[in-house]
Amino acid sequence: MDTFIFILEIIGTIAFASSGAMIAVEKKMDIFGVNILGATTAVGGGIMRDVILGVTPPTAFAKPVYILFAILTSTLLFAIVYTTPDILHSKIKNKIYDKIMLWCDTVGLGIFTVLGIQTASRLVTEDNPFFFIFIGVLTGVGGGVLRDIMAGETPYILVREIYASASIAGGIVYVVCRSSVGEASGMLLGLGVTVVIRALATHFHWNLLRIR
Amino acid sequence: MDTFIFILEIIGTIAFASSGAMIAVEKKMDIFGVNILGATTAVGGGIMRDVILGVTPPTAFAKPVYILFAILTSTLLFAIVYTTPDILHSKIKNKIYDKIMLWCDTVGLGIFTVLGIQTASRLVTEDNPFFFIFIGVLTGVGGGVLRDIMAGETPYILVREIYASASIAGGIVYVVCRSSVGEASGMLLGLGVTVVIRALATHFHWNLLRIR
Amino acid sequence: MDTFIFILEIIGTIAFASSGAMIAVEKKMDIFGVNILGATTAVGGGIMRDVILGVTPPTAFAKPVYILFAILTSTLLFAIVYTTPDILHSKIKNKIYDKIMLWCDTVGLGIFTVLGIQTASRLVTEDNPFFFIFIGVLTGVGGGVLRDIMAGETPYILVREIYASASIAGGIVYVVCRSSVGEASGMLLGLGVTVVIRALATHFHWNLLRIR
Chain G
1 MDTFIFILEI IGTIAFASSG AMIAVEKKMD IFGVNILGAT TAVGGGIMRD VILGVTPPTA
61 FAKPVYILFA ILTSTLLFAI VYTTPDILHS KIKNKIYDKI MLWCDTVGLG IFTVLGIQTA
121 SRLVTEDNPF FFIFIGVLTG VGGGVLRDIM AGETPYILVR EIYASASIAG GIVYVVCRSS
181 VGEASGMLLG LGVTVVIRAL ATHFHWNLLR IR
Chain Y
1 MDTFIFILEI IGTIAFASSG AMIAVEKKMD IFGVNILGAT TAVGGGIMRD VILGVTPPTA
61 FAKPVYILFA ILTSTLLFAI VYTTPDILHS KIKNKIYDKI MLWCDTVGLG IFTVLGIQTA
121 SRLVTEDNPF FFIFIGVLTG VGGGVLRDIM AGETPYILVR EIYASASIAG GIVYVVCRSS
181 VGEASGMLLG LGVTVVIRAL ATHFHWNLLR IR
Chain W
1 MDTFIFILEI IGTIAFASSG AMIAVEKKMD IFGVNILGAT TAVGGGIMRD VILGVTPPTA
61 FAKPVYILFA ILTSTLLFAI VYTTPDILHS KIKNKIYDKI MLWCDTVGLG IFTVLGIQTA
121 SRLVTEDNPF FFIFIGVLTG VGGGVLRDIM AGETPYILVR EIYASASIAG GIVYVVCRSS
181 VGEASGMLLG LGVTVVIRAL ATHFHWNLLR IR
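Chains as they are written, first to last, in full-length UniProt numbering: chain G, 1 to 212; chain Y, 1 to 212; chain W, 1 to 212.
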């Protein structure tokens, strides 16, 4: 189980670090800014979760491995774009690149949502599903909110179709199913629901109600 | 006393949720963004207070009722504007609407200032008036600062005439008077001072010194 | 030692308060906005550090002296510019003023980096250099990040040449040297390294890699 969670954590870290690093690259930040924004996106949600749960120091500071992976990912992406800057301007950019970025953000959202719930239920004995799901959503969206605010953008969560709602749906599925299907399967199920809802919403341009 | 505090909390929650939700509506966010910004404004200051005081998990997460009221308020406001969008563009908008928004923000500011002080003095035994007032101001302005940063605006507190100063004045009055007039009356007095100062400042266009 | 640390804290507080206050002045904020931004810049990094380390309430709230110095500094600067507004528009402004602002920010960065490490090592018994340096950088850059986000600017740390890297270098020097040269000398050494690197980088326009 520990290995399973660690693998999820690393995948989520790499996915979110990529999304933060690439926004920094697009904004022409230097290699350090790219690393800072990548790392902030990757561990920001987890730090918020730990601060809320009273975990001191937060895991991201106590165990350097996550920030290390975030920095490796960010530096690698910077190196790729630095050596082949045409990547950002080529015709294929709009199609493939945007799709990759969307997947990184979506996978990170799904993974950190279930990881947040998992951490909260390990630390808080009282069974409070509402609270667990909230912590999950905070963990899932926190890094992206910091990323967008630092980059001077309106946070994704406020303007993108079906973003936090996908995270909430995945969280509910995990919390509801885990007693019957087990922790690991419950996490994969919740993560899958978040990713599928967000992917479908993007593909079919589902939108939530909006004032005209 | 508990009932009295709970009623204040709910009024403050509804007032701040309205101010956050309407800014989201004006920015053409979807129903989810409206709920997120409403809830963040309503519980943001209290979460900052609890993190500073070491209350884990913060009350907003442990007791869902506040977020629930924030969501109900935001969804209701969204529904009203969605069904009658002319509200935002009619002639009366500037007059009445702006006034309502100002009152929501002002009432929330006053209520959360005294609630912050009340929570701090319950949890911290040492009598430190400076610290209590600071926590009060943080609780009062915190949600609005988050709202403005997420909405991409310069925080109210930095640019509006007599904003944090009204909160500080109300906090001082509460802290000074409560031993003589009692907790509940002290809170109403402090809250009243904040609201009256801010209302007068807006009505008479009082301004603090500013570089020309 | 306590006196030495206190003197560093006050110098850092004044330096960062100045940098925050002057940005508020440039943005034409009123006297209260200037004080809020000055105080937030001065104590923001320390509050983040204390929240991460589980120090409740954070030192800035428990001991009013730091916020008091920040307010005195901000009010004094406001008064100077208010009485002689030409300062901001004179020919000499670009040369001297920008240099003073840079030094304030640099000295604050250096001081709060070593102070953050010092606090972390006092509170956390386990010897984790990586963690200490991280807390140091967070303490050093935290106030400036809040200042920039509240002022609506892209955080310095993301776009300025050699900013967080100077803080990291100073932090490493302090952590490595303190066992041999002692705490106080180690702090001065680390602080010196941060300041010198940042000063040299600005003078010679050193830049980190950046996508063209």
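Calculated from the structure, these hints are not laboratory results. Since the structure is predicted, the reported quantities are computational estimates derived from the model, not experimental observations. It cannot be assumed that every hint is accurate.
Same chains, same label: a pair holds when it works inside one copy or across any pair of copies.
[What the hints assert, rightly or not] Below, a list of computed lysine to aspartate or glutamate pairs in the EDC-like style, where the Cα atoms sit at most 20 Å apart:
1. Lys28 x Glu153
2. Lys95 x Asp127
3. Lys99 x Glu126
4. Lys28 x Glu161
5. Lys28 x Glu126
Tested hints:
no., hint, verdict
1, Lys28 x Glu153, "both (15 Å within a copy, 15 Å between copies)"
2, Lys95 x Asp127, "neither (44 Å within a copy, 48 Å between copies)"
3, Lys99 x Glu126, "neither (40 Å within a copy, 44 Å between copies)"
4, Lys28 x Glu161, "between (27 Å within a copy, 12 Å between copies)"
5, Lys28 x Glu126, "neither (47 Å within a copy, 39 Å between copies)"
When held up to the earlier numbered hints, the structure conflicts with 2, 3 and 5 and fits the remainder.
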